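Student: Sequences and hints are given; from them, build the entire structure.
2 protein chains.
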Amino acid sequence: MSGRYLEDFAAGQTFGSGQLRIEKERAKTFAAEFDPQPFHLNEEAAANTLFRGLAASGWHTAAVTMRLLVDSEFKPAGGIVGAGFDELRWPRPVRPGDVLRVESEVLEVKPSKSRPEQGLIKVRTTTLNQNGEAVQIFVGNLIVPSRAAGRG
Amino acid sequence: MSGRYLEDFAAGQTFGSGQLRIEKERAKTFAAEFDPQPFHLNEEAAANTLFRGLAASGWHTAAVTMRLLVDSEFKPAGGIVGAGFDELRWPRPVRPGDVLRVESEVLEVKPSKSRPEQGLIKVRTTTLNQNGEAVQIFVGNLIVPSRAAGRG
Numbered sequence: 000m001s002g003r004y005l006e007d008f009a010a011g012q013t014f015g016s017g018q019l020r021i022e023k024e025r026a027k028t029f030a031a032e033f034d035p036q037p038f039h040l041n042e043e044a045a046a047n048t049l050f051r052g053l054a055a056s057g058w059h060t061a062a063v064t065m066r067l068l069v070d071s072e073f074k075p076a077g078g079i080v081g082a083g084f085d086e087l088r089w090p091r092p093v094r095p096g097d098v099l100r101v102e103s104e105v106l107e108v109k110p111s112k113s114r115p116e117q118g119l120i121k122v123r124t125t126t127l128n129q130n131g132e133a134v135q136i137f138v139g140n141l142i143v144p145s146r147a148a149g150r151g
Numbered sequence: 000m001s002g003r004y005l006e007d008f009a010a011g012q013t014f015g016s017g018q019l020r021i022e023k024e025r026a027k028t029f030a031a032e033f034d035p036q037p038f039h040l041n042e043e044a045a046a047n048t049l050f051r052g053l054a055a056s057g058w059h060t061a062a063v064t065m066r067l068l069v070d071s072e073f074k075p076a077g078g079i080v081g082a083g084f085d086e087l088r089w090p091r092p093v094r095p096g097d098v099l100r101v102e103s104e105v106l107e108v109k110p111s112k113s114r115p116e117q118g119l120i121k122v123r124t125t126t127l128n129q130n131g132e133a134v135q136i137f138v139g140n141l142i143v144p145s146r147a148a149g150r151g
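Protein sequences, first through last, are from chains D and C.
Numbering follows numbering that gives the first Met the number 0, with no gaps: position 72 of the first sequence is 71.
Numbering follows numbering that gives the first Met the number 0, with no gaps: position 115 of the second sequence is 114.
If you're looking for bench data, these hints aren't it; they were derived computationally from the structure.
No experiment lies behind these values; they were computed from the predicted model shown.
Errors might be hidden in some of the hints.
Note that identical chains are pooled: a pair holds if it fits in a single copy or bridges any two copies.
[Claimed, not checked] Listed next, the in silico BS3-like pairs over lysine-lysine satisfying Cα-Cα at most 27 Å (straight line): (1) 109 <-> 23; (2) 74 <-> 23; (3) 74 <-> 109; (4) 74 <-> 27; (5) 112 <-> 74; (6) 121 <-> 109; (7) 74 <-> 121; (8) 23 <-> 112.
Tutor: Written out as structure tokens, the structure reads:
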């Protein structure tokens, strides 16, 4: 395995990413498959909703965030494997044409007492638009192998 | 608007859904676009990972869960609009060929003091496979309009 082991992570570390643009047509086809609601599908129908205009599905934003994370320098050994999330929020809508990037910060590193070959890291990942505004925040616990596992 | 208003929801209500099958090819194309990691892309590479075989991306499971919810009888007036989640977990992998359905339970109904036209409902949504095993659990807070808004 390549990438960072549990021992390579420390609270306070931050990782950036590249950028991905949310294309209007992809936002609509994603919504048509997974989240077919008027505010994600059609500009005119969206105008009279809480979103006041077309917005990408939050699950599209979450999926694009994952792609940005996978391609970033974060790279835990063994991959990005989420054990669960403590929080997931979409503080403002993602609009077609928005260009997204992520910033991740390690909040905590927790070796496992029962399983020395792995541990958890708690990471806050903020997805930002081209204006630097947060469009998604999640705090997740990721399973990361320790160097003991790497030697195994 | 049609659908259920805030006043129509009560703690303890449950809602079921239809079913959707996770097709192997769609799991792979979803992963190639959004979560390109070996355990989601390739059977052989997946065999030697934590997942011990090909597994759908958790974000694919989340997106399919949303589709099941949108098509279910849950139907809040104004649509399913998540203000945020308190918890999101994937207790076991989703395998290609798994047939998923969801069960939602209303945990709490919270009228807004400052905004009488809407409120929040806290809902636990469990995604189950064909063996009745939970593959995803999330607890979300949804924005739901009140009847006052419906009259507006």
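Student: For residue 112 vs residue 74, is the C-alpha pair at or below 27 Å within one copy, between two copies, both, or neither?
Tutor: within (23 Å within a copy, 44 Å between copies)
Student: Regarding residue 74 and residue 27, is the shortest C-alpha distance of 27 Å or less found within a copy, between copies, in both, or in neither?
Tutor: between (30 Å within a copy, 21 Å between copies)
Student: Evaluate residue 109 and residue 23 at a C-alpha cut-off of 27 Å and name the case that applies: within, between, both or neither.
Tutor: neither (40 Å within a copy, 34 Å between copies)
Student: Up to 27 Å between alpha-carbons, please classify residue 121 paired with residue 109: within, between, both or neither.
Tutor: within (8 Å within a copy, 30 Å between copies)
Student: Please work out whether the CA atoms of residue 23 and residue 112 approach to 27 Å or closer within one copy, between two copies, in both situations, or in neither?
Tutor: neither (47 Å within a copy, 36 Å between copies)
Student: What label fits residue 74 with residue 121 when the C-alpha limit is 27 Å: within, between, both, or neither?
Tutor: For residue 74 and residue 121, only the intra-copy Cα distance (14 Å) is at most 27 Å; the inter-copy one is 34 Å.
Student: At most 27 Å between C-alpha atoms: does residue 74 with residue 23 qualify within a copy, between copies, both, or neither?
Tutor: Classified as between: cross-chain Cα gap 26 Å, same-chain 29 Å, threshold 27 Å.
Student: Check residue 74 against residue 109 for me: Cα-Cα at most 27 Å, and say if that holds within a copy, between copies, both or neither.
Tutor: Classified as within; 17 Å inside a copy, 40 Å across copies.
Comparing the model with each numbered hint stated earlier shows that hints 1 and 8 do not hold.
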